[in-house]
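Enquirer: Here is what each chain is made of, one letter per residue.
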Amino acid sequence: MRGFSSSSSVYACIVAQTKLFFEGVSRQYGTARSLAPTMNIVRMRGHDVETQLHLEEALFRTTGSNWLVVNDGVAVPSIVLGISGKPEVMAHVDDATRMGVPLIKRFTGGGTVVVDKDTVMMSIIVHGERDLPGVERFPRQIMEWCAGFLSGHMSAYGDFALRENDFVIGDRKIGGNAQAISGGRWLHHTSFLFDYRDELMGLLKTPPKAPQYRSNRSHGEFVTRVCDISADREGFVTGIIESVERQGVFKGLHISEEEAMDVLEKAKRRTGAVFGTKRLV
Amino acid sequence: MALRKLASEAATGLGVRWAAAPVASSSSTKTAIASVFSRGFATVMDGFKYAKSHEYVNMDGDVATIGISDFAQSELGDVVYVELPEVGSELTKGETFGVVESVKAASDVYAPVSGEVVEVNESLSDDPSKVNSEPFEGGWMMKVKVSDASDADALLDAKAYEAHCESGGH
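So the protein sequences, as listed, match chains A and B.
Counting from 1, one number per residue, gives the positions in the first sequence under our numbering.
Counting from 1, one number per residue, gives the positions in the second sequence under our numbering.
Be aware that a few hints might be false.
Claimed, not checked - Derived lysine-lysine pairs resembling DSSO-like cross-links, with alpha carbons at most 30 angstroms apart:
{"no.": "1", "chain 1": "B", "residue 1": "Lys-159", "chain 2": "B", "residue 2": "Lys-52"}
{"no.": "2", "chain 1": "A", "residue 1": "Lys-266", "chain 2": "B", "residue 2": "Lys-93"}
{"no.": "3", "chain 1": "A", "residue 1": "Lys-278", "chain 2": "A", "residue 2": "Lys-209"}
{"no.": "4", "chain 1": "A", "residue 1": "Lys-268", "chain 2": "A", "residue 2": "Lys-251"}
{"no.": "5", "chain 1": "A", "residue 1": "Lys-268", "chain 2": "B", "residue 2": "Lys-93"}
{"no.": "6", "chain 1": "A", "residue 1": "Lys-268", "chain 2": "A", "residue 2": "Lys-117"}
{"no.": "7", "chain 1": "A", "residue 1": "Lys-266", "chain 2": "A", "residue 2": "Lys-278"}
{"no.": "8", "chain 1": "A", "residue 1": "Lys-278", "chain 2": "B", "residue 2": "Lys-93"}
{"no.": "9", "chain 1": "B", "residue 1": "Lys-145", "chain 2": "B", "residue 2": "Lys-93"}
Stated by the list, open to error - Some chain B residues well away from chain A (every beta-carbon gap over 10 angstroms; in silico):
{"no.": "10", "residue": "Thr-43"}
{"no.": "11", "residue": "Val-63"}
{"no.": "12", "residue": "Leu-76"}
{"no.": "13", "residue": "Val-87"}
{"no.": "14", "residue": "Gly-88"}
{"no.": "15", "residue": "Glu-122"}
Derived from the structure by calculation, the hints contain no laboratory data.
None of the values given here were measured: they were computed from a predicted structure.
The beta-carbon is built from N, C-alpha and C at its ideal position, and this holds for glycine as well.
Chain A on its own, in the form it takes in the complex (with noise of 0.2 angstroms):
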């Protein structure tokens, strides 16, 4: 008929048309991705965790930028008490002292665990107000939104959920959670257990007050350690950068070490800059 396209006239204007569509549509994420808020990734190594308390500190209370930081185990044995945390109650002390192993307080609140070479311990710091206002500066919602990221890659190890204050896989903890909330900012932080020893957590006693899910199981029956699950250390790490990365709100920029340490460097030459985690023992 006149007037009506040949066929492969109609296929080049419908390939130049789906064209121009997805061009808009990537422009338009492109877009925004642009104007999502940053989150700085850092990522160590190895350090001592009362360093990489006092930087987590500094990055929370003197900066007002976002925040992961993923140390992939420290240096030296320690035990962490939070911020009300009474040695005496929650550790045996003379034990500890006697194997070198230092008492540290932190900042944040929660209860008491020992950290080694085996932990991975996560940090996420937010300025809450500004970049994630539909998430309330709350404990609980805190965690279920930390839950809701690290839910796509944890649920490869099993049936992970927010238990109680715990990350868990089926019933058993995986993950302690602790938190400072600061105005319109907030810090949290996961310390997960890919592996540990015995004699180290027998230096913790029974605390006082016990989640109800524990139902007086044992420590060894109530924990789980990552490494029984799968041995890929490098996945579990990486997949946790990852999930925060996925997660839609934030664009990750990675940082590198002594970037984030610079911070803390100038934090210390404050005047009067005081720390709240200190060593104890």
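Position chain B against the provided structure of chain A, taking the given hints into account.
Expert: For chain B alone, kept in the frame of chain A given last:
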């Protein structure tokens, strides 16, 4: 907490808001009316003033009794430790005066008014749970002799605070 949440959702669905029986404030002869708002099934005290960061102020002359609201304590969870300033400290409105620890979180608390700390609630060191069970009575944190009376005027009244909590504006 689960029952509280269920009640909150039911109240919201029914559009219910009611006033409890009058409750005498701990520091004056005036009667403060306690009312409950649907968000989180929390209580506000009419006659008190509130900061957006959830500290309350109960004025008695030029002395402010300060603590955290019922809404805040319910969102934080079981309080296990409270760190308070020294008597005699000078506070500046908007700056942190202490820390409340609740199970997993250490949360800074902020001075809603400027002035000198004249008394702190020592009983909270033995029984921090009072912040949960009676935030407006036995769970008060400190008393401050206010240096500028207009500080309290600038805070939210009960109705405005209630709206602030219900809108999620925090």
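Enquirer: Measuring Cβ to Cβ, find out whether B:Val-63 lies farther than 10 angstroms from everything in chain A.
Expert: holds, 26 angstroms
Enquirer: Taken at face value, is the distance from the CA of B:Lys-93 to the CA of A:Lys-278 at most 30 angstroms?
Expert: holds, 28 angstroms
Enquirer: Quick one, are A:Lys-266 and A:Lys-278 close enough, alpha carbons at most 30 angstroms?
Expert: Satisfied, since the Cα-Cα distance of roughly 18 angstroms is no more than 30 angstroms.
Enquirer: Would the non-interface assignment of B:Glu-122 survive a Cβ cutoff of 10 angstroms against chain A?
Expert: holds, 16 angstroms
Enquirer: Is the claim that B:Thr-43 lies outside the interface with chain A correct, judged by CB distances over 10 angstroms?
Expert: holds, 17 angstroms
Enquirer: Between B:Lys-145 and B:Lys-93, does the CA-CA distance stay at or below 30 angstroms?
Expert: Given that 30 angstroms is the threshold and the Cα spacing comes to 12 angstroms, the pair holds.
Enquirer: For the pair supplied as a hint, A:Lys-266 and B:Lys-93, confirm whether the alpha-carbon distance does not exceed 30 angstroms.
Expert: holds, 27 angstroms
Enquirer: Assess, step by step, whether the Cα of A:Lys-268 is no farther than 30 angstroms from the Cα of B:Lys-93, and give holds or violated.
Expert: Since the Cα atoms of A:Lys-268 and B:Lys-93 sit roughly 26 angstroms apart, the hinted pair holds (cutoff 30 angstroms).
Enquirer: Holds or violated: is the Cβ of B:Gly-88 farther than 10 angstroms from all Cβ atoms of chain A?
Expert: At about 19 angstroms from chain A, B:Gly-88 clears the 10 angstroms cut-off, so the statement holds.
Enquirer: Is the hinted pair B:Lys-159 and B:Lys-52 satisfied, with a Cα-Cα distance of at most 30 angstroms?
Expert: holds, 12 angstroms
Enquirer: Test the statement that B:Val-87 is away from the interface with chain A: the closest C-beta pair must be farther apart than 10 angstroms.
Expert: holds, 20 angstroms
Enquirer: Against chain A, does B:Leu-76 hold up as non-interface, every C-beta pair farther apart than 10 angstroms?
Expert: Per Cβ check, B:Leu-76 is inside 10 angstroms of chain A; nearest 6 angstroms; violated.
Comparing the model with each earlier hint shows a violation of hint 12 alone; every other hint is respected.
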